[in-house]
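Visitor: Here the protein sequences line up with chains D and L, keeping their order. Under my numbering, the first residue of the first sequence is numbered 1, with each subsequent residue one higher. Under my numbering, the first residue of the second sequence is numbered 103, with each subsequent residue one higher.
Check the hints yourself; a few may be wrong.
[Stated by the list, open to error] Stretch-level coverage of chain D by chain L, calculated; a stretch enters the list once three of its residues show a Cβ under 8 Å from a Cβ in chain L: (1) 19-29; (2) 75-83.
[As the list claims (entries may be wrong)] To give an idea of the chain D side of the interface with chain L (calculated C-beta under 10 Å), a few residues: (3) E32; (4) A33; (5) D36; (6) Q39; (7) L40; (8) S45; (9) D46; (10) E48; (11) Y72; (12) L99.
If you are wondering where the hints come from, they were derived from the structure by calculation, not from laboratory data. Ideal Cβ placement from N, Cα and C applies to all residues, glycine included.
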Amino acid sequence: MSRPFWNIDPDLPFGTLISVSEIYCHPEAYDEAFDDLKQLVRHESDEEIRTFKNELRAAILDPDSLPGDELYRAVRYDDGSAEKFLRRLWRDLYPHEPLPET
Amino acid sequence: MGMDRIDGADTGETTEGRAGTERPPADLPGSEDSLSRAESRRGALAANEKPTPAGPETAVDAYEPEPYAKRLDIPIADDQPTPREILRGFRPTEAGLPEIGEGRAAEYIAENADRRPWLAQAKDCDPAAMRVLVAMDMGQGHALERHEGHADDERLQRRVTGFQDPAQLDDAKRFAGIDGLKPGNRPHRCADTATAIQDPEAFATAFARGVRHPSVRDALETPFVAGKVPQGVALTVEDLLGVGGHHYCSAYALEPVDGSLDEALRRRADWVTAKRTSNQDSDVPEPTCVPVEIRDDAKIKFYFRPNRDMNGYEISTMYVEP
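Can you build the whole structure from these sequences, using the hints too?
Guide: See below:
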């Protein structure tokens, strides 16, 4: 791959989590997008996927550390809070792994 | 030409903490503040006034703009092509779409308009714009069905308040919030805002101009990797349609409940569920929405998806985000 797929602002905390979530979880994303993400997260040798998972874990453990409203603006989830969305995302993507707990 | 990747970097305003459930912040569509700002921006641009590339936005909302077709020979901006030049220069294959000529586009509409009602507007529009709209319809994207003129104000309102998909042609399924494009009677989804560029020539111009933008080209020309999709690209209304382009856009946002967008989202979900299950005893009030002003500096977002041959990418949708 000649360049990163996700053009992430390196200064944006949780940039990979936010941009990947937007691509695959936004209501306007293509029909098979979330299924593609489920397949994609199996490739844990992929650095971006590892970053995504690490950021998802960190965000679940400390949702207040997410930058402002960026996650909501990117994903437009209707779970009621970032924390609920992130926990649902973890359960859907990693059903055989326990939710990160403090 | 201004451009932002949809990576959150273009939304640098400081907002309140995200984890809570109280929303919206003042800069989100549907907030009281955004409406009051909208009120203050009303002005006038005469219908026959030549648009000038004077600034990032031009006010106005309360009048019916001249059809965008009348602007096809007016340059988008200084030293920029006209919409007609943009439309005629459109190469469907550059957007991952099937090649089609103007003559064949008219035939396609004649053959398909009855069962694809979103083609109705295209039938009478400029041939160059018609070709763009038909090429889009031949692709896998859903922009034409949900974000062009077929998505009139009433359909936008029903989509954002009740998940009624403009692409769903079965009345009962649409009422029940069933997606019109996904197989298997899956629920339709909508964010907190539903938008459209309802003028067909304007919509086609936005798409054709966007396709030539370097950032969109980068995304479309990304070497294909199964499962991976390029990040979206956001351009401004003015970039794609010229000054005053916002007149051709329409948007409705879910109305917050007691100041909370999250509560409105919850109620919408409950209301749709009750409707879908024919729960007549449900006391969930019907969601409401409010019109949202689009400014010339609002974003038009392009999202991408794998193409049919799974060897490249095409645009999955294009829509305005206030």
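Visitor: Min Cβ distance, D:Q39 to chain L: is it shorter than 10 Å?
Guide: Result: holds, 5 Å to nearest chain L Cβ.
Visitor: Can you tell me if the stretch 19-29 of chain D counts as covered by chain L, using C-beta to C-beta distances under 8 Å and a minimum of three residues?
Guide: holds (count 8)
Visitor: If you count the residues of the stretch 75-83 of chain D with a beta-carbon closer than 8 Å to a beta-carbon of chain L, do you get 3 or more?
Guide: holds (count 6)
Visitor: Grab the minimum C-beta distance from D:L40 to chain L and call the hint holds if it beats 10 Å, violated otherwise.
Guide: Since chain L brings a Cβ to about 5 Å from D:L40, closer than 10 Å, the hint holds.
Visitor: Holds or violated: is there a CB of chain L closer than 10 Å to the CB of D:E32?
Guide: 8 Å, holds
Visitor: Let me know if the C-beta of D:L99 comes in closer than 10 Å to any C-beta of chain L, holds or violated.
Guide: Interface hint status for D:L99: violated (16 Å vs cutoff 10 Å).
Visitor: Just to be careful: measuring from the Cβ of D:D46 to every Cβ in chain L, is the smallest value less than 10 Å?
Guide: At about 9 Å, which falls below the 10 Å cut-off, the nearest Cβ of chain L leaves the hint on D:D46 intact, so it holds.
Visitor: Measuring from the C-beta of D:A33 to each C-beta in chain L, is the shortest one below 10 Å?
Guide: 7 Å, holds
Visitor: Could you check if D:D36 really has its C-beta closer than 10 Å to a C-beta on chain L?
Guide: Status holds, d = 5 Å.
Visitor: Would the hint on D:E48 be counted as holding, given a Cβ-Cβ threshold of 10 Å to chain L?
Guide: Because about 9 Å separates D:E48 from the closest Cβ in chain L, which is inside the 10 Å limit, the hint holds.
Visitor: Should the interface hint for D:S45 be scored as holding, given a Cβ-Cβ cut-off of 10 Å against chain L?
Guide: 14 Å, violated
Visitor: Regarding the hint that D:Y72 lies at the interface with chain L, is the smallest CB-CB distance below 10 Å?
Guide: Hint on D:Y72: holds, closest Cβ of chain L at ~6 Å, below 10 Å.
Consistency with the previously given hints fails for numbers 8, 12, ordered from lowest to highest.
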